[in-house]
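Line by line, the protein sequences are chains A and B. Residue 236 is where the first sequence starts when you use our numbering, and the numbers rise one by one after that. Residue 4 is where the second sequence starts when you use our numbering, and the numbers rise one by one after that.
Hints are computed from structural coordinates only; laboratory data are not their basis. Keep in mind that the hints are not guaranteed to be accurate.
What the hints assert, rightly or not - Which chain A residues stay away from chain B? Per the calculated CB distances, all over 12 Å, these:
# : residue
1 : Arg262
2 : Thr383
3 : Arg392
4 : Ser490
5 : Glu543
6 : Ala610
7 : Arg648
8 : Pro650
To be verified - Some but not every residue of chain B turned toward chain A, in silico, with C-beta under 10 Å:
#  : residue
9  : Val95
10 : Phe168
11 : Phe174
Computed from a predicted model, the values in this text were never measured in an experiment. Even for Gly, the Cβ is constructed at its ideal location relative to N, Cα and C.
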Amino acid sequence: MTEPVRVRMYNVGFGDCFVVSIPGPERDHVVLVDCGRHSGTLMDEPPFWDVVERVVADLPRVDGKPAVDVLVMTHRHRDHVHGFSREELWRDVRVGEVWMPWTENDADPVARGLKEQQDASAARSFHALRAFGAGARPAVDIALNSITNQGAMDTLRGFGCPVRYLPDPLRPQGTVLTGRSGGGLGLPAGLTVHVLGPSRDRATITLLDPPPGSAYLRMVPAAAHAHDVAFDAAAPYDSPPLDVPRPWAGDWDISRPEYEARVGAGGAPLVDDDLLAHLDAAACADAEGLAMSVDHALNGTSLVLLFEIGKLCLLFPGDAQWGTWKAMLANPDWEQKLKDVRFLKVGHHGSHNATPVEFVEGYLHDAVAMLSVSATAYNTKGWKEIPKDELVEAMQAAGRLDLLVRSDKPAPRSPRVTSDPGGFWTEVRLDVDGGP
Amino acid sequence: MTDSDGGTADPGAGAPGPATSATIAAEVAAKTRRDDARRAVPAPRRRRLQIYALDPMRMENTGAGFVTPRITLSVPYEPLAPGPVGQRIQVVDYDGARRTFYEPVDLDDPHLLLSDGLTPSENDPRFHQQMVYAVVASTWEAFEAASGRRIGVRGGPLKVFPHAFYGENAFYDPTLKALLFGYFQADERDAGANLPGQMVFTCVSHDIITHETTHAIVDRLRPGFNEITNADVLAFHEAFADLVAIFQHFKLEQVLVDAINERQADLTTAEAISGMARQFGFASAQKAPLRTALDDTPDPGAYQRTLEPHARGVILVQAVFDAYRTTYLARVQDLLRLASGGSGILQAGRPHPDLVNRLAQEARATARLFFDRCVGAFTYLPPIDVTFADFLRALVTVDFVASPDEDSFRTAIIEAFRRRGIYAGEAGSLADRAVALPFTEMSALLPDAVSLLWTLTARARGEFSEASADERAIQNQVFPQLAWWAKQNAVELGLQPHVDKERPISVAAAHSTVRIDVDGQPQVVTVLQVVQRRPDLAVADRRLGGIVPKAGATVVIDAAGVVRYVISKSLPAAAAGGDVRLDELARTVDRFDRSDPRAAYRSAADGRMRVNFALLHGGYTPVEEE
């Protein structure tokens with residue numbers, strides 16, 4: 236019997252960080268999928284940078300240095316890449332290949348157009364939302380999540396190894412990567428990777444293109460180009476708010492007491508603090524809509540990978556949305572592969588728009604699923620449906636999941652599950668021979 | 004006059020004592036009142052206010068150069084505090100983006116009373132306040148005239164924020180009961196006739212103000228339409244608001260005359276008539292008005308395919324406008340023959356001014372008919388879950404009731420809807436009698452409640468005040484009666500029997516109104532909106548993601564207490580699957596789950612499936628095409 240494959244989920248809060256270890260003749264080969272935490276994670280336990288240090292420390296050594304064979308960035312959201320923004324933590328790491336979705340390829344004009352639109356919309360909504368104060372904080376976090384994350388991207392491109400943008404533009408519907416033998420870094424022998432998304436078809440690209448939010452473009456052109464410095468700073472909420480110029484030549488501004496004196500009237504006051512707070516919230520709905528549209532679009536760029544090792548299929552869908560899933564499920568070549576999936580990384584922290592019911596009902600059986608989510612990401616203010624109870628219930632219906640491991644809950648008791656005593660990670664072992 | 008300070012302050016009084024002194028004071032007060040009454044002039048009925056005709060972008064070549072046309076609107080008079088703040092409309096100029104208030108206009112200032120308000124200017128926020136007030140008031144009045152009753156007098160004032168935020172958007176917020184208008188800089192590269200980079204104010208666009216006000220009024224007419232329960236709901240909101248804005252164009256005399264001079268008889272092809280929000284469209288580099296009501300080659304398959312709410316709504320707008328055009332052109336055929344020596348084809352160039360006036364008159368009268376029917380249709384719409392087919396049947400029904408013998412309106416409507424693939428599914432025929440809703444003769448036995456409601460309607464006439472104590476007492480008496488009746492008759496209304504907490508029935512709204520029937524007699528019409536919440540189904544049907552489905556019925560009752568129409572939206576007793584409405588609700592929830600960018604972050608309790616006009620107007624509700 237071949238040694239089992241191990242998938243380790245690091246507890247990054249609201250974010251993703253997975254390490255797949257594939258035993259080889261000389262050493263374990265490692266695929267690292269994402270490393271990030273959302274700024275909306277309210278509790279820093281365990282501290283995020285300690286987790287990132289552990290990820291690096293736990294990597295196998297090649298020539299005495301921590302090594303990653305394939306480093307996958309599923310999409311450019313902060314909750315998937317923020318761990319790379321401190322370059323010094325990764326300086327010693329040797330990487331065989333870095334994989335990213337095709338939408339990150341600056342040499343591809345379509346990708347460049349999309350990225351410019353996404354970056355600009357994220358920056359505009361971020362700037363606009365900050366003007367609305369504390370009430371807009373969850374929305375600011377959503378915008379912040381989508382902002383270029385340039386520091387992390389620089390780290391990812393700076394490992395001195397090849398960077399692949401997937402799927403291959405020449406084989407958009409059937410990129411398959413096969414490992415080669417040998418002790419060097421890179422895709423190991425015995426591992427085949429099918430790239431299922433993101434699609435390059437026109438309909439999918441449309442979904443990746445958020446509304447332009449053009450008014451904000453005209454308001455914050457300078458800021459939209461200077462965001463990188465400010466955004467990775469420690470206190471993004473303290474930055475100065477959007478400076479909207481006076482919309483007319485004359486000075487008609489008056490204070491609230493002056494206004495109330497002008498309106499006079501003995502009746503009930505026209506405005507109170509509550510109304511103004513509501514008004515501020517209502518007025519930022521437009522910018523919030525833009526922020527959420529960019530969030531949705533960037534999730535849609537997720538690289539969807541199906542790993543095949545022996546008889547074992549593992550699916551890492553990133554945070555892919557319905558557009559990508561729809562294309563995947565419609566492809567007859569992938570139907571059997573998707574039915575063979577025995578490990579699922581649950582998309583988008585368990586929100587219901589990242590795992591379609593068609594997949595759960597028609598494909599999922601006898602699988603292990605891992606769900607990375609924080610119990611404290613704005614749960615009291617919104618986001619109550621991440622993860623979505625109905626989805627979790629449906630996945631747990633008889634025959635679909637053998638095991639569900641959630642980072643916000645104690646690990647299930649099973650001989651296949653191991654947990655770090657310090658709470659840094661949980662790991663499952665998966666058999667590659669198809670046996671139990 | 005000094006005020007009375009008791010008898011001690013009145014040394015001349017022969018017989019001291021507070022009673023006598025009070026009597027004198029009362030006499031003096033009475034005399035003063037008589038004097039005042041002799042001097043007083045009656046309060047004016049109307050207030051005239053200048054506004055831009057449509058919006059500041061529309062330029063007109065007068066021969067002496069280009070000017071921005073302005074017109075004077077006449078709105079109902081009410082005393083106004085600076086703001087303007089009246090009883091029902093309160094303009095509050097607070098800017099959320101800049102966190103400041105702006106100087107409020109005092110329309111009761113004698114100078115402004117004499118000059119029909121401030122002269123239009125983009126640079127003066129006080130003019131913006133004046134224009135937004137005038138257009139909101141004018142739209143509101145049009146709705147009340149068409150529906151024959153006061154709308155939402157008791158629903159609290161409508162707050163209007165003309166410079167609420169920075170952004171290419173404007174919307175009605177049902178929670179705040181407020182209209183929020185944004186402002187933004189026009190596109191730097193391509194701003195149409197706007198100055199590149201100039202500030203564009205949505206609160207001085209006649210179309211945008213009318214559109215948003217309509218959302219606020221629909222919220223008062225049918226609060227149940229705020230829930231997104233099928234693919235038509237959002238589209239209906241948008242379409243109805245656009246239709247009102249377009250039919251309001253016909254009230255603007257100069258716009259009509261210009262359109263006729265430009266396009267001769269068929270003024271409907273003029274952009275100023277059939278286009279929506281022209282300045283906004285150009286300022287956002289769209290190179291066209293935001294939307295157009297004109298469509299010569301309708302695609303009967305588009306309605307099935309199109310799910311994006313604005314695109315779907317445009318189909319309904321174009322259907323109604325198509326019927327308008329047919330009706331108007333039929334009405335002016337005689338005039339055109341008279342003016343052309345019998346051919347019906349006018350000579351090139353500007354028509355004779357007399358003809359222009361007559362054509363304008365017909366255009367206005369036809370627009371008034373269409374507006375009245377569109378508003379009147381609300382009587383026959385269900386309280387929840389509206390569809391285009393419901394609107395079609397309601398339009399035909401209201402026309403049948405108002406004009407049983409003259410069928411040109413309803414045949415034009417049925418044909419225009421048919422050309423766009425919109426049918427009254429259950430009617431089974433295109434005949435107007437089949438499309439009209441069926442008549443019932445269910446005895447209601449509600450004469451007391453009906454007459455109490457009528458008392459409320461009669462008292463609300465002409466008032467802008469809060470409900471008085473006895474009116475509240477009537478309301479407290481009448482609503483429990485109506486709810487009791489609805490529970491007793493649940494099955495006849497197409498509902499399931501009432502069960503507290505699981506299947507509760509309530510009366511969401513009730514009003515009565517009077518109209519003159521075709522035989523010249525007054526006809527009192529009472530309309531109830533009965534709603535049944537179904538938390539039991541929300542638990543049983545997991546597809547709904549926690550959204551509580553509702554059944555409901557609009558009940559139309561005559562003066563004798565006889566139920567004439569029941570317009571039901573039913574739900575099954577249990578979630579067995581295969582129910583048309585539940586399946587459509589499940590599909591709609593699913594579509595939003597998949598494509599609404601907010602879906603991941605919002606629960607049912609957070610209003611995930613409630614109408615949010617901010618996101619709708621901002622274009623952030625991408626619903627994928629099927």
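- Item | Closest CB of chain B to the CB of Arg392(A) still more than 12 Å away | holds (28 Å)
- Check the non-interface label on Ala610(A): least C-beta distance to chain B beyond 12 Å or not. holds (16 Å)
- Query: Are Val95(B) and chain A close enough, Cβ to Cβ, to be under 10 Å, as the hint says?
  - Reply: Given a least distance of 6 Å, the restraint on Val95(B) holds.
- Query: Does the CB of Phe168(B) sit less than 10 Å away from some CB of chain A?
  - Reply: holds (3 Å)
- Beyond 12 Å from every Cβ of chain B: is that where the Cβ of Pro650(A) lies? Holds, since 33 Å exceeds 12 Å.
- Query: Is the Cβ of Glu543(A) more than 12 Å away from each Cβ in chain B?
  - Reply: holds (28 Å)
- Task: Classify the label on Ser490(A) as holds or violated, using whether its beta-carbon is more than 12 Å from each beta-carbon of chain B.
- Result: Its Cβ does come within 12 Å of chain B, the nearest being 7 Å, so this is violated.
- Message: Please check whether the beta-carbon of Thr383(A) is more than 12 Å away from every beta-carbon in chain B.
- Response: holds (19 Å)
- Query: Holds or violated: Phe174(B) as interface residue toward chain A, Cβ cutoff 10 Å?
  - Reply: With Cβ-Cβ at 8 Å, under 10 Å, it holds.
- Was Arg648(A) rightly flagged as not at the interface, with every chain B Cβ beyond 12 Å? Per Cβ check, Arg648(A) is outside 12 Å of chain B; nearest 28 Å; holds.
- Closest CB of chain B to the CB of Arg262(A) still more than 12 Å away: holds (39 Å)
In the structure shown, a violation is registered for the earlier hint numbered 4 alone.
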